[in-house]
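K.L.:
Sequence:
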Amino acid sequence: MRLTVAQALVRFLSVQFSERDGVEQRLIAGCFGIFGHGNVAGVGQALLESQAELPFYHARNEQAMVHTAVGYARQKNRLSTLACTSSIGPGATNMVTGAALATINRLPVLLLPGDVFATRASGTLLQELEDPTTYTATVNDTLKPVSKFWTRIERPEQLPAALMAAMRVLTDPAETGAVTLALPQDVQAEAFDFPDELLERRVWRVRRPLPEPDVLERAASLLRGAARPLIVSGGGTIYGEATDALRELAEATGIGVGETQAGKGSLPYDHPQALGAIGATGTTAANAAAREADVVLGVGTRWSDFTTASRSLFSADAVFINLNVATVDAFKHAGLPLVADARLGLEALSEALEVRFETPANDWDAVVERAYSERHDPPSQAEVIGVVNRVSGPRDVVVCAAGSMPGDLHKLWRTRDPKGYHVEYGYSTMGYEIAGGLGVKLAAPDREVFVLVGDGSYLMMAQEIVTAVAERIKLTIVLVQNHGYQSIGALSESVGSQRFGTAYRYRGTDERLPVDLAANAASLGARAIDTHTIDEFEAALREAAASDVTTVVQIHTDPTLPAPSSEAWWDVPVSEVAALESTRDARAVYEREKATQNTYLRPISTEPAQRLH
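Counting from 1, position 52 in the sequence shown corresponds to residue 51 in numbering that gives the first Met the number 0; the numbering is continuous, with no gaps.
Keep in mind that a hint or two might mislead.
[Claimed, not checked] Calculated pairs, BS3-like style, for lysine-lysine (alpha carbon to alpha carbon, straight line, at most 30 angstroms):
{"#": "1", "residue 1": "K147", "residue 2": "K331"}
{"#": "2", "residue 1": "K418", "residue 2": "K331"}
{"#": "3", "residue 1": "K331", "residue 2": "K143"}
{"#": "4", "residue 1": "K418", "residue 2": "K473"}
{"#": "5", "residue 1": "K418", "residue 2": "K147"}
{"#": "6", "residue 1": "K331", "residue 2": "K593"}
No wet-lab data here; the hints were simulated from the structure.
Fair warning: this is a prediction, and the values are worked out from it, not measured in the lab.
Hey, can you work out the whole structure from these sequences and the hints?
P.N.:
Put into structure tokens, the structure is as follows:
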């Protein structure tokens, strides 16, 4: 069929499907874009022709539209995503942060940036980077290190192979992330006789790898011989739809379960084996169990520094079993690499284990209740979280990303549904929240979406409120106003830097700036409500939740009121020499905590498990 490259691309994307466990769905459910020099005449024209087959959504910021695609893909458990098209130059480079976020979190997104002329017929272009050493480098090369697959389509003949490779990576549960197809603007508009087979309906099976029998038996032996085992559940448990298998294993064995940020919701918060969040932002119950654990089963976790409290949380003698589809994670901490799908691996372990352990004690929910019930004026952030938790329904989704809020949510949010907690903490990108919430709502229109965003993060990227209004996609946005970058302010204070450069003040004074973010939200088309007390906030939030329009509820809080402590450490180096006494004091604390850091390099013994203790 004779089509332009852009037309063939769009038609191909419209007939791609993913399949897992016999369930098929659209792999590319739509396309977000901002048109300009480099994509308006090619991809734009093709999308106009194919609106019925591939829905188009007009974004307001290129980074934000990638965040929206990430939010969508995460809510869909990586089985469906969105494409994002940008113009050449700044439109393309604006997507770099979003691409990094997607790849770090291993979430599939398809990026289609415009590029310079492949023929070079027009000479130096508007927005072209001129490298005096080569004609082959363009600004789109900045997307290479943050993409799982990257290629430039310089001839129409290259498109079929590139598309097949792109779909392979998007549907790979271990190696997915951002996929970039750079599209020179002249090639987009060039016609070619594409084979009919390219445009036929195609289904990509998302695999579930089985565990190796020998490794599975070794893992079961280690767990049978444990005295104080612990399960740490990561995002892979939820993406693999393995929460039922995890619950059955936990109930059968009594092993307690701690949850990473991405794994929160693996068990309902009130399940007998649920110890809650683990690590630097964890619960004291999960962290106490981690310190005592002799065998740790990590399920679908990449063992970030927050999860391990910068490698200070688990004992140096702990043995790790890593059940993960990604080999890079399965080998971490010198662990036993149980490379397999989370659900199939957990089911196999359940069959192999016939032991019962005592579940560690857990009194954390009483701590949460006290934090929720405090009555401060202005209120604490914990009180705000408590109100949102109370107003939201069991299947509703809370969305957050940066600042102190993710840590407080991790330890305090009472999760009731595996898809009810959506906190981006792999890249912790300020500005993700509203755009990510938009993607969540597109993916799950039957759920209410509560976006929690601090004032600093709001100022980074609030403009997708306009997109939500334009597309009639209802969000409830909670804007926590504490007049500055108060998460970093608290961190600054802890390292002896006295909250330097973290508050909204007139230069050289202690007077706050007259910032009115509720008015800003109203100017972007949202309904805006400004509140100051916790009772005002709850009444406004209930009103917003019942409404059918995007509403921003601003609540003014006291940033000096912390959430309950996790009693865990996070490695942030402190200046070794300083004139400030506050910094010298912080350095002494740092050196004391640094001494608790472990390498986790202990080899797994080949002795029978019953002789390990």
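K.L.:
Hint by hint, note whether the structure agrees.
P.N.:
Right, here's what the structure says about each hint:
{"no.": "1", "hint": "K147 to K331", "in the structure": "holds (21 angstroms)"}
{"no.": "2", "hint": "K418 to K331", "in the structure": "holds (27 angstroms)"}
{"no.": "3", "hint": "K331 to K143", "in the structure": "holds (25 angstroms)"}
{"no.": "4", "hint": "K418 to K473", "in the structure": "holds (18 angstroms)"}
{"no.": "5", "hint": "K418 to K147", "in the structure": "holds (25 angstroms)"}
{"no.": "6", "hint": "K331 to K593", "in the structure": "holds (20 angstroms)"}
Consistency note: the structure conflicts with none of the earlier hints.
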